[in-house]
Structure formats: C-alpha cells, structure tokens
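Q: Can you make the complete structure from the sequences, with help from the hints?
Number of protein chains: 6
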Amino acid sequence: MASATFDIARAIVGDRVQHEFLVLEREEKRLANGDPFLLLTLGNATGRLGTAPLWTAQLDWAAGAEKGRVVQVIGEVAAFHGKRQLRLTAPLRILPDALVRPEHFLPRITVATDTLWDWIDRARGELKSHALRRAVDLFFADDAFRVDFEKSPASVAGHHAAVGGLLLHVTEVATIARNAARVMKANADLVVVGALLHDIGKVQAYARSPTGFAHTTSGSLIGHVVLGTMMLHERLQDVPRSLLSDSQRLELQHMILSHHGSLEFGSPVPPMTVEADLLHWADESSAKANDMAESLAEDEHFGGGEVSDRRPWRVGRRIWRRPHAWE
Amino acid sequence: MASATFDIARAIVGDRVQHEFLVLEREEKRLANGDPFLLLTLGNATGRLGTAPLWTAQLDWAAGAEKGRVVQVIGEVAAFHGKRQLRLTAPLRILPDALVRPEHFLPRITVATDTLWDWIDRARGELKSHALRRAVDLFFADDAFRVDFEKSPASVAGHHAAVGGLLLHVTEVATIARNAARVMKANADLVVVGALLHDIGKVQAYARSPTGFAHTTSGSLIGHVVLGTMMLHERLQDVPRSLLSDSQRLELQHMILSHHGSLEFGSPVPPMTVEADLLHWADESSAKANDMAESLAEDEHFGGGEVSDRRPWRVGRRIWRRPHAWE
Amino acid sequence: MASATFDIARAIVGDRVQHEFLVLEREEKRLANGDPFLLLTLGNATGRLGTAPLWTAQLDWAAGAEKGRVVQVIGEVAAFHGKRQLRLTAPLRILPDALVRPEHFLPRITVATDTLWDWIDRARGELKSHALRRAVDLFFADDAFRVDFEKSPASVAGHHAAVGGLLLHVTEVATIARNAARVMKANADLVVVGALLHDIGKVQAYARSPTGFAHTTSGSLIGHVVLGTMMLHERLQDVPRSLLSDSQRLELQHMILSHHGSLEFGSPVPPMTVEADLLHWADESSAKANDMAESLAEDEHFGGGEVSDRRPWRVGRRIWRRPHAWE
Amino acid sequence: MASATFDIARAIVGDRVQHEFLVLEREEKRLANGDPFLLLTLGNATGRLGTAPLWTAQLDWAAGAEKGRVVQVIGEVAAFHGKRQLRLTAPLRILPDALVRPEHFLPRITVATDTLWDWIDRARGELKSHALRRAVDLFFADDAFRVDFEKSPASVAGHHAAVGGLLLHVTEVATIARNAARVMKANADLVVVGALLHDIGKVQAYARSPTGFAHTTSGSLIGHVVLGTMMLHERLQDVPRSLLSDSQRLELQHMILSHHGSLEFGSPVPPMTVEADLLHWADESSAKANDMAESLAEDEHFGGGEVSDRRPWRVGRRIWRRPHAWE
Amino acid sequence: MASATFDIARAIVGDRVQHEFLVLEREEKRLANGDPFLLLTLGNATGRLGTAPLWTAQLDWAAGAEKGRVVQVIGEVAAFHGKRQLRLTAPLRILPDALVRPEHFLPRITVATDTLWDWIDRARGELKSHALRRAVDLFFADDAFRVDFEKSPASVAGHHAAVGGLLLHVTEVATIARNAARVMKANADLVVVGALLHDIGKVQAYARSPTGFAHTTSGSLIGHVVLGTMMLHERLQDVPRSLLSDSQRLELQHMILSHHGSLEFGSPVPPMTVEADLLHWADESSAKANDMAESLAEDEHFGGGEVSDRRPWRVGRRIWRRPHAWE
Amino acid sequence: MASATFDIARAIVGDRVQHEFLVLEREEKRLANGDPFLLLTLGNATGRLGTAPLWTAQLDWAAGAEKGRVVQVIGEVAAFHGKRQLRLTAPLRILPDALVRPEHFLPRITVATDTLWDWIDRARGELKSHALRRAVDLFFADDAFRVDFEKSPASVAGHHAAVGGLLLHVTEVATIARNAARVMKANADLVVVGALLHDIGKVQAYARSPTGFAHTTSGSLIGHVVLGTMMLHERLQDVPRSLLSDSQRLELQHMILSHHGSLEFGSPVPPMTVEADLLHWADESSAKANDMAESLAEDEHFGGGEVSDRRPWRVGRRIWRRPHAWE
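Protein chains in written order, with our numbering: chain A, 1 to 327; chain B, 1 to 327; chain C, 1 to 327; chain D, 1 to 327; chain E, 1 to 327; chain F, 1 to 327.
Not one of these hints is a red herring.
Label-pair distances were calculated between CB atoms; the ranges are:
| id | chain 1 | residue 1 | chain 2 | residue 2 | range |
| --- | --- | --- | --- | --- | --- |
| 1 | B | ASP299 | D | LEU243 | 45 to 55 Å |
| 2 | D | ASP97 | B | ALA325 | 17 to 27 Å |
| 3 | C | LYS185 | F | GLY212 | 48 to 58 Å |
| 4 | F | HIS324 | A | GLU126 | 19 to 29 Å |
| 5 | B | ARG321 | D | ASP97 | 17 to 27 Å |
| 6 | C | GLY34 | A | GLU28 | 28 to 38 Å |
| 7 | D | THR110 | E | VAL156 | 42 to 52 Å |
| 8 | D | ASP97 | C | ASP118 | 49 to 59 Å |
If you're looking for bench data, these hints aren't it; they were derived computationally from the structure. Every residue, glycine too, gets a C-beta built ideally from N, C-alpha and C.
A: Here's what the structure looks like:
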C-alpha cells in the first residue's frame, strides 16, 4: 500500500497526482473585490504541499475538506513563483473514515520491516525449548497479530513513535537482552521470548489516525503492561498444561508485568528473576538510547552551542553534541 | 465444620477429646534413669494445651507427630498440679495433608459471616443496574467462589489477617464507599460493585496452612491487583456485549486495577473517575483503621506510657492511647 | 442580602436596574472624529453584561469606575443588535470598600446553606458527650463565627472554592467520617466533632474580595492547620478543666493538626489515633471527589475524546469521562 | 542544688554519704545455705557505685527500693577487694516522686549556664527595637520560664540531649545566626530574637525523669514547633498592638513555625523571609555539628579504622576521624 | 578598565562618547518614501541608550554591527523629544572577539573587590597551620588565578550572578563558616581554607560573554564540584608530602567534593567531618539568603500584595515582603 | 602464586603441609588438671581446618598467632574421631604484614583471568580510533596497573566481591555495552573504552586484607567515581593535544563520572550522550544480574519455598526460584 503514497519530497513540476492526502490546513480568504477563494495545505508521511487557489467557481470542489480529513486528489504539480504547488483538476473526494489507512500519513521507521521479521523468525527458529516456542508462536505465528504489530508505534510521542517502531524496538530489546543473558550465564532463550512478548499490549494500547498516534481508552485505563499480560493469559487458555505448566505461564506473565522495573514506573511487581531483570535493562537501553539520539538530532534544543539550552523532555536533562569525531 | 473444633479456652477437666490438633511443639526428654519420654504442645484456633508425658511404652503413639503436622487425638482433659493437660488414651493419627482444614487452626474474625453475607446479598439485591448486577453475580452468586472468599484473609500479616477477614474488609469498604458516593453525588451502585470486586484477586494470592497465611507464587509474581483484573476478564467472556459493553467492562477492570491509588503503591494506573477514587479512599479507611486499632491494642508497643515507644510496623508512626474516656 | 443581587442570567429587556456591580472591564475608545467614548463590562455572581456607550457628555458618570471597583448602577436593560446591554440613566456611584459585600460577586454553592446548618445542628444535638458538645459549641453556637464560616470557601481555587464551600465541605466530611467510624467501631461522636472543627482555621486563612478568593497574610505565614489549632486553644481558655481535661483538649487539637495526614502535606504531626486517621481519609474523600468531579466537568481538558488530553492541575493525572450510562 | 549531689567519680574510701541516689540495679541472691541477701547498684549524674551486701537482718532496709526509684542513703564509702563500695549504715528512705529532682541524675552540659545566660542577656540588652525586646522579654525576663528553660534538653536522645542543652543550643544558634545576618545584610536583631524563641516549645515538649528524657504527650501530639507558636501567641495577648502590630506578631510566629525549613521535616510552612531562612540554617549548623562531633567521639562506630563501620543514626552516613593534626 | 566604561545612567546631553558598547537591538526601517534607515540600541553594564537614526548615506557606518557584537562608538549624547539619544559622528568599528572584555557589559557586584581581597588576605595571614596556608596559597597567592577568580560569577543566573559574585560569595561563606566553627569548637582555620577553595572550579565551569554568563562544556560535563577537586589535585603535585600529607590532601579534596551536602544535590560524597558539614551550611546560608533577598526585591513576583503571587524560581516557594519596619 | 595455596577442600589424611594460613580462631582452654592447651582454626581461600591441641610444652609454638594474623605452618593432615585435623610438627612462624598476600585468603572468581585479559586485549586491538586506543592503553598497556586491576574486587561485599571480580565485571560490561551500541547504531569503540575505564578508580578505592575487602580512606572520602576521573586526568597529562583533544578528554572523563546514571546514585553529572547512557545500562545489567543470581543461590533467603521469605539486601526485593526447567 505504501507504494501508493505520493512522494511529496521528490515530486517535480508536471507530475500527475491521483492520490490520498491529509488536509493539514484550510484557509478561507477574500480578494480585494470581496470574492472568496480557498487555499489548502495537504500532506502525507513524505511531506506537505500547498494547493493553487480554488476560486469562486471551484469552491464546492473542496466541500467537506476540513482540517484532519483525508481526501482523494486529482491534479498535477505546478510552479508558482519558483515554488511547487498542487493544481487540482477535479473535485476532491472525501474519504470515508473506514477507508482511511492512517499509515500513509504517519512517520515510519527507515529500516525495512522484512529485515526485522527475518531476525525475529530466525530467533524463534533457534529456540531450543518447545514450551517457549509455543508461547511466542501464539502471537508471532499469527498473521493477524503480525499485521497489527507491524503497524504499531512503541510510544505515542516518545521513543520509536513511528509506524514499525514497535517492531524495531522489540527487535533491539531482544538482541540486547539475548547478548546480555549469554554474558551473564542466564537463560538466553527465555529473555528472547520475554523481549518479544513484553510490549504486545501496545497493539491494544495505541491507536493510529492520519493526524497522529494516541492512547486508546484501554491503553489509558488499563495500560499496555497489564493489557499484554491479559492478552497472553487469554491465548494460553488453549495450550495444554503438559506443554506449558502453571509455573511456566506465571513466569512469562511476570516478565511482561515487571518489565518497567519498579512500581513507580508502572510495573505492579518488580523483576524477581535474573531474566526479568535483564529484560528490563535491555528495554531501558533501547528506549533511552533512542530518546537520547533523537533529542540530540533536534536542532531546536541547541542555540548554536554544544550543550542543549534546556532539558529536552524525552531525556529530562541537558545533553551534549560532541564537536569532535573519533577518527 | 468449625463446630467440630475442640474449644480449648473453655475446656474443663474430664472433657472427652476426639478432635484434630496442630502440633505446636515436640520435646523429647529423658528421666534421671535415662528413660526417654515425650511432651507435645497441641493447639487450634481457640488456644494451646500441653499433653501429659508419653512414657517409653507409648512413644510410638506419637510417631510422625512433627511440629507443624495436624493429628487426630483421642483422650481427655486431666489435671496436673492445678493446670489442665491432655491425657492421650490412644495413638495419634497423622492427618494426610489433603484432609487438613487449615481454617481450624487459624485466627478467625469475631463477626458472624452470615451477617456479612446478608449485607452483601441485600446490597446486590438493591442494585438498579442490570449490568452491574450481572458483573457482581459472576462471583458473588457463585457458591464455589463464596466458599473460597469466605475463608480468605485480607492480608498475610497486616489488616484483617484472619479467616473471614476478606469478607469483613470488603463489607466495610462497600459500606463506607456507598455512603461517601451518596454524599458526593457519585454513582453509589458502581462503587458498591467496585468495592465487592476490588480484592477478589486475594482468593488466588493468599494461601492458608495450619501454621499461618502466606503468599502464593502467583500472589508474589503477579499480585492480587492484577490477578483480580484477570479473574474478572475471564468470567466476563461469557457475558454478551449487549448486557455489558466494552466500555463498561473497562470501567470495572479499571476500578480493580487502580484501587491502590497510585503507582508506587502497586496500582499500574491511578484512579481516573470519581467512583474509582472514592473506592480507593474507602479501602484506605478500612485497612488503615484496622491497622491502627489493632496496633493500639497490642501492649508490646507501650512500656507503660500513653504514646508508643516506637513505630508499630503496621502504621509506621508513633501512636497514642488516650487516657481519658469521652463520657 | 443575596436577593438584592440583580440576576443577570435571567434579565430581560426593559428590566429596571438599581443594583451593585463589579467593574470587570473598562475600555476607553474614540470615534472616527476623535471624540472619546467609554464601554464598561459589569458583572456579579450571576453573570456579566456590557453597557451602552457613554458618550462625551456622560464620561464623568464613570469617573473612578476602574476595573475591580464596585459601583452602584441606575439604569435599565436595553437591546442592541439583538443582544442585551445595560443603559445607564444616572451617574455611577463608586461604593466605598467598607460597604462592598464580596459575596455578591463570587461563585456560591448551589445547595441551600440552611439545609447544611440543619444537618450540623442536628449532629451537634445528637452528641452524647457533654465535653465534645461544649467544644464544638465554642464555635458552632457562636453566631458571629457562623456568619464568617458560612461565607468562607474551602480553598482559594481548588475544591469547594465558592461562598458556602467550607460549610458544604465540612458537612460532607462529617457525614463520611461519622459513617466510617460507625463501620469501623470507632468513636463516631469524636470524629463528627473533629470534622466540624478541622478546617475552622480557613475562616482566618482566606479572604474574599469581589474579584476572587485569596490567602490572607496569616494564611500564608501560619497556614490554616495551625491557625485552627490556635483558635481552638484560645477559646478553650474559658472552659473549666472539670468539663474538658488537658488530655481531651490535646486530642481535639491533635485532630485539627494531623488532618492532612502526613508531614509533607503540611501536618506537623501525623494522625496517632483511629479517629484522627478516619477524619483524614474522609477529608480526602470530600476534597478529592470534588476536585475530580469538577475537573471532569470542564470541557477544556477534553479535545473531543473520552480521556483528558493532559493532567488537570486539580487532580494531577489524566481523567476519564465514561461514554456509557449504567442504566 | 547541684552541689548537693555526691560526686561518685571523685569519692574515696571513708567519705561520708548522706545523699540521694537512683536505684540502677537490684539483685536478690542467696548464699549456699539458702539465706537471702541483696545487692544494689546506685547512681547519679557523676557515675555509679555498688553497695555492700544487705544480709538477712537488713533486707527490710531496702524495702521499696525498686529499679528506677530515688532513695536517700546514709552510709560511707568502703573498700572491698580493692574496689570501692557503699556501706549502708541506716535504712534507705524512698523519696516521694514529688521531691525527686531529675536533674541530679541526668547528663548535664559542661559549659557553665551563667556564661550562657550572660550572653543571652547581653544580646537582649543590645536589641535596638523596643518591639523585639518586648517580645523576647515575655519569656527571657520571666524567672519561672528561665528555670524551666535552663533544665530542658534540646532533644530526647539526639543533639544537646543534656540538662542545659537547650540553653546551649539556643545560644549557639543565636550567635551563628546573628553573624550570618550581619554578613548577608539582613536584620540581625530579628534573627537573634527568632533564635531565642525558636525552640521555646521544647520546655513543654520534653519531660525529665531520673532515668532519662522523654516526649510529653503534648510533645508527641502537637510537637515543639507548634507548641512554641502557641506559647508565644498566648503571652502576646497582653502586649498592646501599638507596641507590636499584628504583622509583627505574625512574623515572629512564622519564624518559630518555619524553622525546620520544609514541610517534610515538620514545619507546616517553609521560611518566607531572609531572616527566617538564616535562622533555619543556623539551627542546622548547631544541631548537625553537635550530632557529628558527638558521633565522631563514640568509639563504638569505629572498629579500629578511620572511617566508621556503619552509619551512626544521628548523622545517617559514614563519618571520618582524621588521623592527622593540622599542626 | 572599568573606569573606561561610559556611564549611561548619568550621561547628560552634550557628553562626548568614545567608548565600547554592546549592540542590543538593530532595527532596519523605511521612511514613507521607501528610503531605508537604521536604529540601534546600544548598552553596557550601566544601562542602554538608542541611537539617532542612521540615514541612507550613513548606513554603511553600521556594517557588521549585528546584535550581540561589541562596537567602538564615536559621537555625543543628544536630545530628541526630551529623551536622550546617541548621535554618531563617525563609522562604528566592530571590535574583534579577542579584544572584547565581557566584564564591561555584565552586571557587577556593588561591593569594592579590594575590600573583599583584603578580608581574604588577612584571613590567610591569620592561619596558624603552615600546611593549610600552603594549600590556600596555591591559588590565592597566584595572581593569574586571582584575576580569573575576581571576574567569575557564583552562578549563571542564580545567586551572586555578577562579575565579582564568586569573590563576594566566597568571602561571605568564609566569614559565616569561621564564626560557626568557633561557636561549635571546630577547626576554624580548616573551614576558612575549605570555604576559600570550595568553589574554585567555577573559574573553569562558567564563561563570560558580553551577552551574559554561561556554562562551559567542562562545567556541563564535569561540573564545578569535580573540576575544583581536580584543580586542587593538580596544583598539589608540587607540594612535598612532608608539608601536606596524603591524608591532609584527602581532607581538602573531600571538603570541596562534599560541599553540596548530599548526593542528590551533586556532591558524590556527603560531608564526613564537622568542618565539611559546617562549610556546607555556610554555603547554603550565603547562597539562599542571596536568592531570597534578590527575589524579594523583584517587583514582578508581587501584584501589589505582601505575599508573592507565585513561587519565584530561585527560592521555589512563596515569599513575604513584611509591611512593617522593626523601628 | 595461587598454586602455592594448600587446597583444604581436597586434602586427605597424610598430606604434608608447608604453607601459609590465616588464623581464624584461637581458643585457649584448660584440662581438668588445670593444664592449659590451645586450639587454632586455620584457613585460606579453599576452606578452614582445626589443629590438633597444642599442649603445655608446645604453647610457645603459637606465640603471636592471634586471630587475623597469617602464619607459616609445617605439619601434616591427621585424623581425629573421623574428622581431619592439622597436626603441627614445628613452631608457627608469624608472617610480617609486608609479606602477606591477601589474595591467598580471599574469594576468587572461577573464570580464568587469562581468558578475560585475552578478551580485553583483543578488544583493544580492534579499536579503530588511535585516540581511543591511546587513552585505554594508558592503563591497560601498563603492567603495574594490570597487576592491581586483576586483584581488585568490583565491590566490598556486593556484586563481584572477589579477587578478579573487577576484571570480570568490566569484561561483562564491555561486552554488553559494545553489543548494545552496535544495535543502537552508537559508537561501539567509544563504549568499549568507556567500559574498560569506568571503574578504574576501584583500584584505589578498595583494599584487600586476608580477612576481607574494605574501603580505603580515599574510597570513602572521594569515592571510586571521582578517583577514576582523577586517575585518567593525571595520566592524560603526558598525551599531546594533537592526539587527544580537550573535548575528547572531557568525553572520556564524563563517561567515568556519569556511569552511575543519576545524582542520587553518586554520579555528580548524569549521562549526556548516547554512549555514556548505554555504558550506564550495561553496568546495571552486569552488576544487578550478578546480585540477583548470587542472592538466588543463597539458601538462607528461602525457607523451603519458591519465593524468598524476605528481601535479600543486595536486591532489595523478594525474589523467585523457578521450580521448573525450560527443557
């Protein structure tokens, strides 16, 4: 589907347009003679572009094209005073909500999702424990789940807040945790499975719309930590005790539940095993490194100096852009 | 069954004994001539009593009667130097674990459980909302659940730590919360249902044995807050959406999940409605007043003075026994 | 006196006006020909209304009518472009500060104060302890105190921030605490008296002016908790020890002093009795439920969704407007 | 009175004894023939000394001489196996509680109280403000208050926990605060008065008995911070407003109330003026330096090393005895 | 050099100007006929002054005079509509960065630095310990260090944020700490040396530019506490162990390192001696009294009332301007 | 040297002994006839063993062999009542402190140090940056440093508290951090160097004696975090700026200084770069996983159950021993 998105960043004058756009701005103005005209700003995940004015006769072409709606546009890229603008050649069509694919209008990770799925599927394949394999396959061998999972961000506006962000974050956590478990002589298979499952609740906790990510009601009232625990509990109903004992189930639920590390950060129980603890630190490593790296990349925090003027909210402290290279 | 317990506190010399007791102490001693003899201390929820010595010939009557085991005793109450002791007239029988009823050996609330059930059932009957009634009946109209619920304490060693303690605590919370909701113009039916459901997870989180209460593994790894949420989730599977909507389900789960009031006290989400908030304060009122009242009743904290010497652990601060009456 | 307030909300064109108003806005403008004119916006507790312009000849009618002053207005309600405005027919009279009754211009609780006083007086009448009765009557049988108490808010801008708010809050706290004390087998008379007295310091801690509530200097430098303790201490001077012992006095002072529950919330000592503790939780129930309910009623926190966009300052967390009814 | 105390530390064999002692230990023993005898250990602020045995015939000489009682002793210092002991020559007389002067049996500061009073009285004499002088004289020109104040410790078991400790601490605080105020261009007279008044509540908050210091009930239920504020409030009743305005009274009460610096340390309001803030830091300097110095002097924390093994409770962190001198 | 600064506050019409100024504002405007003109606002530590317009022909006089640059100005003070303005009589000269002396454009303490140096040098002269004298002289007998130290502020925007502020603050701390040490019978020489050295790291941690103070990169990445410790460590290399032992060195480093009092305020170790503790409290006294006094002097916090409307950031709580004098 | 240690665990009767031992216990006893005899308990890192009695004639063989001293023993392993004991055949020789090698008597990691050095040296060899290589070689190419480093524990009584513990911990941290940096696209070389350097201060902060590990005075007064920063600062003096710029030096010092992650855990500055942050999380992973694993291995926390009875001090929470295997 993504290929159907019009690439605003690379568009040149003369390009034909027959795509969906999000209405970012709608300005109703008047000429000196009092005649009304309309300017729209349209956008998608690749950028934003203004329209040529819609004059009196065309005003009804944009009926219903309110800010936040998705519209189907027919037209072409034109030039105006050296800048590109979108010249409409037909009335806009308002897309019904049911047909809108929010992914087209949201930021997206730059890594190919196939690469990430390959890593996950190879990791699943290497699990020696049948019980762990069965547990992880309850979700990761389910195509419907994979479709949802792949679209989900890892947070609403913080770390990995992009389509595919959850997939990327989980792969990072699993990689880091597996390595740490090997170094610390802990059960590496168990932490991989814990890492893959730890954030499954985000599939239910976050919603996507063309204008951005948001918490669902259950995401606010229950939280992704407990949602994930309940999702696992539900799917485990169909697995026989002979394959996965009560105690083993508890351990997996505990890993999801404790992954925030302590009560004040939203885990109702703290990690009680080596593997749950390592999962927590790996989660911190992925989330906080992403927060730090993206905050460092945002020029707005730096007024020309090396050290940020204030404390970017995602890291909560002043940060430093080193002026030197290391070779 | 409780009637089958031998009432140690009121027993008099000559009473026949044919009951179960917990072995509290087992002392193996020797006479001056080297002959061995044995003294046992036996007990149940009503008190403790020593046995007459078991001489050499009777030693095997007590084979296997180790500390912590439950035994069936046949004998009678005798006098020895003005004190009562238990004279055995037949070998002890070690009760298999499966037959032990821990309730016989544990502290028990002094209020009649019937009175409390009556209150709860009347409160259920007064609910105007069919949806709320259906939700609460998933548990409180289920006899198996009622049996478990009635035996459970409200904590392992803190407030209402007695058989029946959970039933008493929940009734107190529901009474206080209902009144507060009426005063504050909130939905009184909803807080009653929230109060009845808020601690259902304790049925799975706490275990009973003749020697005391303890956390189960799931009580430690998941915690009663999330266990209760999951139990409700499970039983709601069979209720049609037409009777209880997704949003209504969420609200009930949220009330269980948020009843500790804030993250650092183990609720992964804080209360987000008036009713969830009032439930939390009612829970505090019942739990903390019980902690305070029982700590005030313990002489060990008071070395003769009005103010406690130290901070009793259940309240965490110094407490005061007023020396005056208020008429 | 309240009946003398002109009811702006219900006023219709033609109504005669001869009332006091607060000057909310004062705009000095000029016509195209440079002639000056004046527009005032006037208000009271029932709403706000603009005046018809005061032209050059009438400018001195409004001399001294600065923003924040109270003025006596003679005029009538007129219509202008379909909206109501106030047409003055005589010069404004600036009311001396000493004559201003701030209550006319401040928000007011919607419950009748008589109902609340009835509850309080009945509760006083039901006290069995002469000593407690005497203590509470030091304030609640004193008409001068009652007048002040009835006008006071329970906070400057938070819970129950309205004329009559303190009376309402205290009645709520007393009702909730009395019920909780009965449930928990504590001294219900004592908590009622504690509840009635706990916030008396607010009579000295808060000031009223037509433009709003504020902290007095003693409210800032001493705080209502200690002010209340000192007020009680002062009035107790005249009560004989035979009626109220030193120890009983201490207990009442302790209940006022400890009602915030812990040091970090401004109580220099935490509650050391069951009754002081229950009073604290009842205070939380009334204050926090009011904060939550009023925050839920404010549309500004909800951008169309069920969950608030941010954390309203009075509750400090995101809150939820349930989309369903419970029958 | 202190001169009447028998100086145990310096007593030599043959000294006559006709003094009061505290019974520290009472041991009832038996000879091989079964005859009972009695050993007492007696003490006062200067040390402890054992008695010669009281044989059968003398047993009733010690009737009522229980541990913790004060007794009048007639006898002499004798030698036994090279050690001193107290040989009684007459029956002990149990001193009625009303006649006991606890100061004789409690630790006492080593500085002469006269020196401290001189400092205070000179400081009072140097005050330029009549209003401040009047306020401080309400207490420090009152002989009855001075007697109580001079006997009071500054804490029960922490800093300056000795008879005279409060006097010493307050003099230290006043000296430090006055200097700091001069350096920081603040009102030095005001901080001196604040320093002298800041701990007056301890006169009511702490009790003395021969066995040690303790909190009074009001010290526990109200705390010395608020007690001091109330004491000042009471004595100010008789001072005319013309000499000390409402606002000036408030400032002095605020200085007492805020001297712990923040809510979590028991001040219901934090310091709101430069002078109240400087008083707080001076109080910290005196209290914490005394805690640190006395903890450093206690060998029990140091197992031979320079750094304490654990964290002495009065300072809450590891401390260091420097091994070097500075010259 | 300071004498070379043009005194804007006292300048009168006709004064000749031949001085350096900081360009505070640069406004490029146009006349009705479209001709461009330029207005500059220039300033230094004594105030700010606007220029007369630079018309078309003079525009290149101000080439390169961007906001934030320092320029050499030749001209005179003229009058325009009753206000003073600066009339240029020659082109501006842009001062190369290397020649700019930021001190000319920054706030400066009002106490003469000579007075402060005299105090410090006298205090050094009075030290009885050769070892301590040697340690302090490593910095305070070094003219290059004194020049830097004298220019440094004690914070970027908080307490003593002025040229000379560090010198003033350190003198205050040393005075207060020396007095407190004498009162508390601690080593006064040691606290004086600790006070003089405690903030030496600020010389490296803060930078000055004409537009204000800022943190250097090492000030941000290392912090002044550790920078000072390292500076002392470095200079101690050349002092023989016979004069200053390892243990004595450690003590001085510890005093610098622990002067923030606890870990959460940036001291990696808390004070472990009486002297280090007293130094900490003296530092608080100077810093916080300055914060409080300057916040009280800022009208913006007080909307006409005695108590501040909000909590000024430098003190973090509401503050009070007493309305009365104390004689 | 370690091979010279007598292997107590595996010793059999008849083994010749000519080794050093630590005196663990020294008991002086008497026979019934009053003759004195002596029993010693000797030990080293492999275990403990009692001696045969030293009778009157041999008593001076053990002169000076006090508890805590190291002695040279000549003798053999004998049998007594079925247990092994050490029979001395010559007088003990007290080893002068200077000759004692504490490593012989302290716990030691079970991994071969050669393996760890190989990893570190290979990692150094793979560094692409000459600057980073030079920085790390200042310590890790210095044989004297390597000897000290290899003997140091990573804590006194917590994680990796064994000879070689620091080497093991640092290798774990470097491995985990390097992997995490690769995953998060950060500078892997930089985190490896940061990991190798982050704890160098422990070489000065911890001391070894035969009876255990302890903090040195500088370890207590300065702390290993700042000690490490100062050690690096010192050795960097000899490196030319052309190889390692000021800014690069600062970054390495910052990584050491910030590795505890936040102020309250003893880092005076928090991590301000991605690499410093990842180093911190890797440090947590190694330290906390070791604390958790070793606490789980200690039976004393588990009274037969799966969940620990209390909270082991090294982890601060209850922990779980899973009863199941994962295949």
